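*Asks:* Position chain V relative to chain X; hints supplied.
Letter by letter, the chains look like this.
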Amino acid sequence: MPAQSIWTLLSWGPDGWSDDIASGVLVTVALALATLPIGLVIGFFVAFAKQHEEPALRLAANIYTTVFRGLPELVTLFLFFFGMPLLLQYVVRLFEPEATIDVNSFIAGMIVLALIFSSYASEVFLSAFRAIPKGQYEGGYAIGLSKWRTMRLVILPQLLRIAFPGLENCWLSLLKDTSLVSVVNLAETLRNAGVAARVTKHSFLFYSVAALVFLVLAILSSVATAYIQRSLGRREAR
Amino acid sequence: MSVSQAIAVDRPPPQARGWPRVRIIGYALVGLWGLFGVGIVAYLVHAWNADFFARYAPAYLQGLGTTLSLVAISMVAGAILSLPVAYGRMSKNRILSGLAYCYVYFFRGTPLLVQTYLVYYGIGSFRPELQTVGLWWFFREAFYCGVFAFSLNTAAYQAEILRGAIESVPRGQWEGAASLGLHKLQTLRKVIMPQAIIVALRPYGNELILMIKASAIVAIITVYDLMGNAKLAYAKSFDIQAYIWVAIVYLVLVEILRHGVEWIERRITIHLKR
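Protein sequences, first through last, are from chains X and V. When we follow the working numbering, the leftmost residue of the first sequence carries the number 1, and every step to the right adds one. When we follow the working numbering, the leftmost residue of the second sequence carries the number 1001, and every step to the right adds one.
Please keep in mind that the hints were generated in silico from the structure rather than gathered at the bench. Bear in mind the structure is a predicted one, so any value in this text is a computation, not a measurement. Beta carbons are placed, not taken as given, at the ideal position from N, Cα and C, and that holds for glycine. Check each hint, because a few of them may be wrong.
Chain V regions said to be covered by chain X (calculated; three or more residues, Cβ under 8 Å) [stated by the list, open to error]:
id, region
1, 1047 to 1054
2, 1074 to 1082
3, 1101 to 1111
4, 1114 to 1121
5, 1124 to 1135
6, 1139 to 1151
7, 1209 to 1217
Examples of chain V residues toward chain X, derived with CB under 7 Å [to be verified]:
id, residue
8, Arg1021
9, Val1022
10, Trp1033
11, Ile1270
Excised from the complex, chain X in its bound form:
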């Protein structure tokens, strides 16, 4: 292979790999952003169940976090990626004997990341729940709000403000965990960088680029979260 300069390799277009890596970055960001709302909602409900007075609800939520925080991310991913088609196929074949199921790696990654993210986020939400004094609930009920409206109008705004720094950490680890989905052939940043590395034999260069991409994403996230934090702080009642 003729020695190509680093700048050709990193250029945009047929000779360079920047466009491939950029499309991988888009997939990474899309995966993380698609997971975030699902994970937040599940995490909130798991935390809600964990601090509920009903023991059965607490037990169910505790099993959830024990399992998904205890399993390595990679094992969860493989279990879902290989196990889910089998299970779905088994169920679907009860109705339609000829069906075959393939799981899209983006969807599988999204489910697994949401499970992991939500079990970590639920711990953050739980400690935020515990930081809210009981009087806030009682005050809500006293002015005639229903349970649901107290939760939505009184508790949730305070909860989000308390939980925000912890959720930021969860988001950063979610961003890093997206790289694991490259193992099941999703064409995200690390996967595309790996392909470039294998084709051009410049492994160090391209894996450094991948590392740099994740660093830049982390820096961008902290800029964004600092902005959100400021605007949350401004709305705080004094």
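*Replies:* This is chain V only, laid out in the frame that chain X set:
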């Protein structure tokens, strides 16, 4: 008003009896988990294959040994490496603290998988240079590369834990020790560390658990640890129980560690409870 009446008034409202909606949901969810667990057990019993077990159980055991030694070596190496990094982070020297900050930011800001690739494939691609320096034997082995990447990674996290724990001890403790004539190292060892360890124990335990979980990724760079053996077993047999068994082993391992850390924490904070 008599005392007994006052107590009767303060009593919390009685527990809701009967079947309120949350209780039904709670039982349904627990039932779902139960069903899931029974399903897995039933599957494992149904798919029980003495041949599979005889062939792969020793490999799994060996893989468990590899995983544990990888994590143990990395944790210890990371702990040693974290000392200068934590020192740098707390130093007043701008250059030193800047360097330590960059180190920590890089290793905490990028995925461990990328770091592992960077070491195994990235550094490994400089084979002629490494051979000249005489380090090729190290970077040729996937296991050593894994240990190298994991040690660097956990050093960054451990440095932050150490720094947080030391900074959580109030400054008056340093000043008090200095006024008693202890020098800095003595103060650190006899006054600061005993207080810092209590703060640091839980984060260290979490870091250990995170390392055990993260160690599964060395399977991707062809190390036959627990996960690597599961991958191999699955590739040979296409039997999903390869992953189910490995999941159970990891789960048990993590739970044992988690309860162990909690037990130690209860023991060393016994003097703080009344």
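*Asks:* Please go over all the hints and tell whether each is borne out by the structure.
*Replies:* Tested hints:
1. 1047 to 1054: violated (count 0)
2. 1074 to 1082: violated (count 0)
3. 1101 to 1111: holds (count 5)
4. 1114 to 1121: Per the Cβ count (5), the hint holds.
5. 1124 to 1135: holds (count 3)
6. 1139 to 1151: violated (count 0)
7. 1209 to 1217: Our answer is that it holds, as 6 residues pass the Cβ test (under 8 Å) against chain X, meeting three.
8. Arg1021: At 10 Å from the nearest chain X Cβ, V/Arg1021 fails the 7 Å test, so the hint is violated.
9. Val1022: This hint holds: V/Val1022 lies near chain X, its Cβ roughly 5 Å from the closest one there, short of 7 Å.
10. Trp1033: Nearest chain X Cβ about 5 Å off; hint holds.
11. Ile1270: Cβ of V/Ile1270 sits 24 Å from chain X, so the hint is violated.
Of the numbered hints listed earlier, those contradicted by the structure are 1, 2, 6, 8 and 11.
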